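Below are the chains, spelled out letter by letter.
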Amino acid sequence: MAQVTLKNVVKNYGKLEVVHSINLHVAHNEFVVLVGPSGCGKSTTLRMIAGLESISGGDIIIGDNVVNNLPPRDRNISMVFQNYALYPHMTVRENLGFSLKIAKRDQTEIDKSVDEASKILSLEDYMDRKPGALSGGQRQRVAMGRAIVRHPDVFLFDEPLSNLDAKLRAQMRVEIKKLHQKIQTTIIYVTHDQVEAMTLADRIVIMRDGNIEQQGSPTQVFENPINTFVATFIGSPPMNLLPGRVGKNMLEFSGGLILPIPKDFKDIVKPGQDIILGFRADHIMPVGHDLTIDGDSAMIEMSVGVSEPLGTETLLYTQLAGQEILAKMLKPRIVKDGETLTFNLDLGQCNLFDATTQRNLR
Amino acid sequence: MAGGYAFARFRFKGKNAIFIGLLLTRAVPGVALSLPLFIVMAKTGIIDTHFGLILVYVAMNVPFTIWLIDGFFRQIPPDLAEAAEIDGCTRWQAFWKVEFPVAKAGVASAGIFAFLTSWNEYALASQLTRSTFSKTMPVGLRDFTSEFTINWGGMCALAVLLIIPALILTFIVQKHLISGLTFGGVKG
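In order, the protein sequences belong to chains A and B.
If you count by our numbering, then the first sequence holds residues 1 to 362, one letter each, in order.
If you count by our numbering, then the second sequence holds residues 1 to 188, one letter each, in order.
Everything labelled a hint here was simulated from the structure, so no lab data went into it.
Errors might be hidden in some of the hints.
[What the hints assert, rightly or not] Below, in silico cross-link-like pairs of lysine-lysine (DSS-like), each with a Cα-Cα straight-line distance of 30 Å or less:
1. 130(A) to 104(B)
2. 104(B) to 15(B)
3. 97(B) to 101(A)
4. 104(A) to 104(B)
5. 119(A) to 177(A)
6. 15(A) to 15(B)
7. 130(A) to 43(B)
8. 97(B) to 104(A)
9. 119(A) to 97(B)
10. 135(B) to 43(B)
11. 97(B) to 112(A)
12. 101(A) to 104(B)
13. 112(A) to 177(A)
14. 104(A) to 182(A)
[To be verified] Here are the computed distance ranges between Cβ atoms for each label pair:
15. 93(B) to 122(A): 53 to 59 Å
16. 17(A) to 93(B): 30 to 36 Å
17. 59(B) to 108(A): 50 to 56 Å
18. 20(B) to 12(A): 39 to 45 Å
19. 126(B) to 103(A): 53 to 59 Å
20. 165(B) to 165(A): 50 to 56 Å
[What the hints assert, rightly or not] Sample of chain A residues lacking proximity to chain B, with all beta carbon distances greater than 10 Å (derived):
21. 10
22. 29
23. 39
24. 81
25. 83
26. 86
27. 103
28. 115
29. 172
30. 209
31. 232
32. 252
33. 290
34. 297
35. 322
Keep in mind the model is a prediction, meaning the values are calculated, not measured.
Yeah, the Cβ is synthetic: ideal placement off N, Cα and C, and Gly gets one too.
Produce the entire structure from the sequences given, and follow the hints as far as they go.
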């Protein structure tokens with residue numbers, strides 16, 4: 001069993017505190033993704049778990065052991081680096097077997113483990129090449145292979161896909177997911193790409209400025225973001241946000257726009273309160289575009305500024321209450337720029353945030 | 001080598017000052033040092049010995065070699081050593097099994113550089129070594145000149161002999177000098 005627990009972990013560089021007392025528990029076999037904008041402390045957190053950075057306070061527990069002061073080699077973890085960090089002077093086979101050789105394992109055992117890993121990652125054809133003769137995707141696979149031959153308790157991934165082009169990235173994403181199904185190990189994965197986070201994670205941990213903002217399953221953080229930061233960071237396109245004010249049984253926005261208060265929030269908001277209404281492009285569509293609404297809805301007329309046809313759907317950029325917002329069209333047809341359409345807004349899917357704290361009022 | 005590695009990898013107090021200090025020692029012309037060196041060595045009794053000259057050459061070459069090797073280790077991404085440590089190496093093993101082999105080309109060229117400067121050095125050697133047993137070959141070359149004649153044949157013969165060890169060394173380390181060894185391990 002290898003769960004990972006971080007208790008009040010702090011990291012200082014001199015006087016600068018970059019990670020502020022974070023708590024995180026990763027269960028056995030769980031795939032947890034740490035996601036956040038660059039500089040949010042996610043990589044530092046990962047490196048502290050790996051033992052490459054010392055911790056300034058708190059405890060890190062892997063399995064049942066407190067590993068605060070253990071060097072990386074005694075933590076039974078393996079890590080895949082952003083730039084792969086393959087040993088350039090060794091062949092793929094030597095790269096894969098390096099950790100076992102260091103551990104002074106039997107040559108037959110090393111060969112067996114290396115062959116097994118190469119089969120899982122279909123690297124058999126490149127075993128005698130050096131890393132310099134491999135493509136980006138192949139190097140990435142070697143880096144993962146080097147991580148799995150040791151059968152570690154925990155896998156750490158530090159933005160492993162950010163050096164690959166878009167197509168390869170999508171492909172490797174699936175491979176990482178398959179790998180997790182095959183080898184069933186605890187994985188902690190760091191990325192700044194929310195698509196990777198959404199697609200791979202059992203649980204997403206969103207970080208900002210050295211704090212954990214929210215954690216939960218991809219659907220939870222997508223549907224119920226705890227604040228406006230999470231709302232705009234997770235999901236593509238980001239959530240539309242409209243600042244407004246609570247009036248008598250309704251929400252007032254600039255430009256005279258008035259919307260009913262979503263049912264879930266009726267008892268929470270007070271008249272006169274400044275709020276931000278948040279809704280995703282998937283919940284505002286032109287009438288007649290298969291938006292199934294069970295509950296309240298609102299009809300709004302807007303003229304389309306720019307439309308982006310994506311094949312199965314079309315994104316519509318429009319103006320509402322002085323803000324640019326994004327709407328979707330599920331049965332695409334050609335939309336003329338400036339064309340005025342009537343939109344249906346699903347109020348049941350809306351979120352309300354407090355304008356000052358930016359927190360979800362739910 | 002250890003010095004170059006330390007400068008490239010570790011952060012310590014006064015690092016820049018020490019580094020600049022080391023390089024400044026290179027700014028002093030070697031010949032200007034010959035008289036003070038001569039006096040010190042005469043007093044300590046190591047004048048006209050192999051040991052004395054070796055000491056001088058080491059002292060003169062170390063700063064520049066450190067500077068060269070520092071540059072080579074800087075080019076190696078720190079991720080490599082970190083990956084090795086996660087793979088079970090100690091700090092020491094990570095250096096010997098991963099970083100050193102990758103930086104081999106650089107270390108080899110720094111070695112050749114240090115060897116050639118010492119091997120060919122004339123000015124200091126002619127001051128500090130005199131006897132047949134201790135003098136270096138460049139100094140020996142001069143023995144073929146006498147007051148009125150120069151033994152060109154003998155001098156040329158010795159010059160050829162002088163080249164041989166340098167040639168051999170260059171052939172030996174040549175394969176390590178292939179550039180581009182570090183490419184490919186990480187995305188550049």
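Exclusion check [residue 115(A) not at the chain B interface, CB over 10 Å] = holds (18 Å)
Proposed proximity, residue 104(B) with residue 130(A) (alpha carbon, max 30 Å) = holds (17 Å)
message = Checking a non-interface call: every C-beta of chain B should be farther than 10 Å from the C-beta of residue 10(A). Is that right?
response = holds (21 Å)
query = Does residue 322(A) really sit off the interface, with its C-beta more than 10 Å from all C-beta atoms of chain B?
reply = holds (44 Å)
task = Assess, step by step, whether the Cα of residue 119(A) is no farther than 30 Å from the Cα of residue 177(A), and give holds or violated.
result = This hinted pair holds, its Cα atoms lying about 16 Å apart.
query = Is the nearest CB of chain B more than 10 Å from the CB of residue 297(A)?
reply = holds (49 Å)
message = Just want to verify: residue 39(A) was marked as not at the interface with chain B; is every Cβ pair farther apart than 10 Å?
response = Check passes; 19 Å lies beyond 10 Å.
task = Against chain B, does residue 29(A) hold up as non-interface, every C-beta pair farther apart than 10 Å?
result = holds (21 Å)
message = Range first: 53 to 59 Å. Now tell me if the beta carbons of residue 126(B) and residue 103(A) are that far apart.
response = holds (56 Å)
query = Going by Cβ atoms, does residue 103(A) stay more than 10 Å from chain B at every point?
reply = violated (5 Å)
query = For residue 232(A), is the shortest beta carbon distance to chain B beyond 10 Å?
reply = With a cut-off of 10 Å, residue 232(A) remains clear of chain B, as the shortest Cβ separation is near 30 Å.
key: Given pair status - residue 43(B), residue 130(A), alpha carbons within 30 Å   = violated (57 Å)
Hints 7, 15, 18, 24, 25, 26, 27 from the earlier list are contradicted by this structure; the remaining hints agree with it.
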